[in-house]
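The lines below spell out each chain.
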Amino acid sequence: MKIGIPKALMYYFYYPFWKTLFESLGFEVVTSDDTSKSILDIGVKEAVAEICVPMKVYTGHVLNLLDKSVDYIYIPRFVSLRKGIFMCPKFMGLPDMIKGLFDGIENKILTHNIVSKSTDISEFHNYTVFIDKLGVSRKDLKNALKKARDKWLEFRTLNKQGYDINELLTSDKPKKYEGDITIGLIGYVYNVYDRFVNMDLLNVFRKLNIKVVTFDMMEERIIQRQLKKFKKNMFWEFTNMLLGTAYEFMERDDIDGIIHITAFGCGPDSIVEPFLTIDSEKHKKPFMTLRIDEQTGESHVITRVEAFTDLIRIKKYKAEKTVEGVI
Amino acid sequence: MKITFPYMGSPYMYEKLFTLLGHEVITPPKPSQKTVDYGVKYSPEFACFPLKVILGTYLEALELGADTIVTSGGNGPCRAGYYGEAQKKILRNMGYDVEFIIFDEPKKDIKGFMDNVMKIKGKSSWAQVIRTVKIVYDMAKSMDKIEKIVETKRAYECNKGEFTKAWHEITEEYRRIESSEDVKKVERKAIERLNSIKICEVPEKEKIRIGIVGEIYVVMEPSINGNIEEVLNAYGAEVERSHYISEWIDFNLIPLPSYKEKEHKILKKGEKYIEIIIGGHAKQSVGAIIDFMERGFDGVIHLKPFGCLPELVSQSVIDKIMREYDYPILSLSIDEQMAIANVLTRIEAFLDVIKLKKHRKKIAR
Chain A
-18 MKIGIPKALM YYFYYPFWKT LFESLGFEVV TSDDTSKSIL DIGVKEAVAE
32 ICVPMKVYTG HVLNLLDKSV DYIYIPRFVS LRKGIFMCPK FMGLPDMIKG
82 LFDGIENKIL THNIVSKSTD ISEFHNYTVF IDKLGVSRKD LKNALKKARD
132 KWLEFRTLNK QGYDINELLT SDKPKKYEGD ITIGLIGYVY NVYDRFVNMD
182 LLNVFRKLNI KVVTFDMMEE RIIQRQLKKF KKNMFWEFTN MLLGTAYEFM
232 ERDDIDGIIH ITAFGCGPDS IVEPFLTIDS EKHKKPFMTL RIDEQTGESH
282 VITRVEAFTD LIRIKKYKAE KTVEGVI
Chain B
8 MKITFPYMGS PYMYEKLFTL LGHEVITPPK PSQKTVDYGV KYSPEFACFP
58 LKVILGTYLE ALELGADTIV TSGGNGPCRA GYYGEAQKKI LRNMGYDVEF
108 IIFDEPKKDI KGFMDNVMKI KGKSSWAQVI RTVKIVYDMA KSMDKIEKIV
158 ETKRAYECNK GEFTKAWHEI TEEYRRIESS EDVKKVERKA IERLNSIKIC
208 EVPEKEKIRI GIVGEIYVVM EPSINGNIEE VLNAYGAEVE RSHYISEWID
258 FNLIPLPSYK EKEHKILKKG EKYIEIIIGG HAKQSVGAII DFMERGFDGV
308 IHLKPFGCLP ELVSQSVIDK IMREYDYPIL SLSIDEQMAI ANVLTRIEAF
358 LDVIKLKKHR KKIAR
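For the protein sequence lines, the chains are A and B, in the order given. Everything in the first sequence is counted per the working numbering, starting at -18 for the first residue and increasing by one. Everything in the second sequence is counted per the working numbering, starting at 8 for the first residue and increasing by one.
Misleading hints may appear alongside valid ones.
With a straight-line cut-off of 27 Å between C-alpha atoms, the simulated DSS-like cross-links for lysine-lysine are [unchecked claim]:
1) B/K155 x B/K118
2) B/K362 x A/K210
3) A/K210 x B/K327
4) B/K114 x B/K212
5) A/K302 x A/K188
6) A/K210 x B/K95
7) B/K115 x A/K212
8) B/K160 x B/K118
9) A/K209 x A/K64
10) A/K64 x A/K188
11) B/K118 x B/K152
12) B/K118 x A/K209
13) A/K98 x B/K148
14) A/K64 x B/K114
15) B/K160 x B/K128
16) B/K214 x A/K213
17) A/K266 x B/K364
18) A/K210 x B/K214
19) A/K120 x A/K210
20) B/K214 x B/K269
21) B/K364 x A/K263
22) B/K118 x A/K266
23) B/K212 x A/K89
24) B/K364 x A/K209
Quick look at which bits of chain A chain B covers, simulated, 3 or more residues with Cβ under 8 Å [unchecked claim]:
25) 12 to 26
26) 53 to 65
27) 112 to 125
Please keep in mind that the hints were generated in silico from the structure rather than gathered at the bench. Beta carbons are placed, not taken as given, at the ideal position from N, Cα and C, and that holds for glycine.
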């Protein structure tokens, strides 16, 4: 049996988990193609006009998988990754949305709710649906989950050591990239690592000799410590992680500036925005928002990143020179 | 302590609640272009429209001298639950030293909740608090009852504008009540008043009934949805909304199962399309569409603020419902750039489709 996984949204965070899980259960895993103009165009055409671009991309990937004659398309419903904290409503309604957009897709969708205590989603009770639907035994499922968890933790450990997710997913010998200045990049995995949607942003940084740190490279406890500053956490787990990471970046001296990459119309990010803009100013940390959508042009991204980092470089080297002068 | 609050639907209930408890109240002005301009200027660009309008409302009330804002929180995942915190951040940054009293679910933080209750209770006795809450609840029930009559009968008034005028006068009457008996008196008078307005009846077969569903703020606040109920009434269509404040109170604030039946029934109807509650009123909206359809309404208008997270999911599902049942549904996005001519044109076209459909059915018979 072939199971299709759309190369969008949480793919970038959980693919190692899902791949190991389904392969250990004896299924073939097929992913959709890399995001391309045609995938995006299909998504834009089929999805609701107002929705954010990551969701349009996802819709495009689902259709791409249908062309690959898979038996099931895996569309999990992420409900909660921490007690009392949810995900963006669009994630919680993702399978409903896909079912609503295409007639007769119901029996092609493999879905189940993910309600977990942490970002480790291997808890058995979430996957009991598979027993009937895929005809696997409890024991096999448990073993597969364990294997998947180990694989995912391995991936996350490397990730937290500073390897970016694209390196980890695409190459056997991942590389770390350094630079003369460091930018804290605040953004969801599907905005940061989807090369097509963000105009290969990470490569833009690399060419400019800039090191990038993202939220997925941060230890969870650091994020949680920062979040304690808030009386009330936000309702969306990944948004909380961005928020915690951003406050950590503001306090750290080795981060020279922060760039917030967000999709047009992203709801959670619109609530985060006042907190980041107001407090980065208080911390005197350079801050820029980079908004992407289906109409983003490459030169736009490059120009803005160049201008922002040029200013940071001027500031940094000027400061260093003054210090030398004093000595 | 000069209290103000968000403006949604009629502000008189909140005004009554705080006044009867002995507080000084600054009733915010009805949202206008000025409110929207204020809100848009100081809110994040992609925040949803209700956040902007409410922030504008606060700014206007602060200009009038308010220093305390009372509002509700929430536990998400709809953005509305975090409005208070975000607006607090923005207003403080603008230099306003304003106190926020945000009511979150007592389950999560019972102490914080009780602190807030004590602040609102002020010097009144508990007996007074209970009496006040009862009066305000009766008032909400009664006002919604009268408003429902207006929304139905206004479609057939002979002289345009009579019902709207009466309704404004009636709400002013409600504003003056002091006890539950007053509520009953005002209600009786209101019904008499409405019954005296001349009606040009239309044969039952030609009556058009439209349901309005969607995000609660844009459904309930006529000043930002282009007075959609009045517009529809003027075109000769009866209207019913999926949200009324008294029903919201029943479902969210009264801990008795019998008060929650209606909402659970609606939720059940939405389950086929949106399996779990995903925040806001997405599931209720879909359930309400099915409910209106089953009750023989001719069409539904779905309102949402631009970019609303939960309602975008319901919108994705709505197309499917339209195809499945061949049922007319019009989805309108509302934000600061909404143009009234655009809305009018779309509504007119929508009603034409409905009329044509009805006509064809009649011929087929």
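Here is what the structure says about each hint:
| no. | hint | in the structure |
| --- | --- | --- |
| 1 | B/K155 x B/K118 | 38 Å, violated |
| 2 | B/K362 x A/K210 | 58 Å, violated |
| 3 | A/K210 x B/K327 | 44 Å, violated |
| 4 | B/K114 x B/K212 | 50 Å, violated |
| 5 | A/K302 x A/K188 | 25 Å, holds |
| 6 | A/K210 x B/K95 | 15 Å, holds |
| 7 | B/K115 x A/K212 | 12 Å, holds |
| 8 | B/K160 x B/K118 | 47 Å, violated |
| 9 | A/K209 x A/K64 | 15 Å, holds |
| 10 | A/K64 x A/K188 | 41 Å, violated |
| 11 | B/K118 x B/K152 | 36 Å, violated |
| 12 | B/K118 x A/K209 | 18 Å, holds |
| 13 | A/K98 x B/K148 | 41 Å, violated |
| 14 | A/K64 x B/K114 | 14 Å, holds |
| 15 | B/K160 x B/K128 | 40 Å, violated |
| 16 | B/K214 x A/K213 | 49 Å, violated |
| 17 | A/K266 x B/K364 | 61 Å, violated |
| 18 | A/K210 x B/K214 | 58 Å, violated |
| 19 | A/K120 x A/K210 | 43 Å, violated |
| 20 | B/K214 x B/K269 | 26 Å, holds |
| 21 | B/K364 x A/K263 | 61 Å, violated |
| 22 | B/K118 x A/K266 | 36 Å, violated |
| 23 | B/K212 x A/K89 | 43 Å, violated |
| 24 | B/K364 x A/K209 | 58 Å, violated |
| 25 | 12 to 26 | violated (count 0) |
| 26 | 53 to 65 | holds (count 3) |
| 27 | 112 to 125 | violated (count 0) |
Checked against the numbered hints above, the structure violates hints 1, 2, 3, 4, 8, 10, 11, 13, 15, 16, 17, 18, 19, 21, 22, 23, 24, 25 and 27; every other hint is satisfied.
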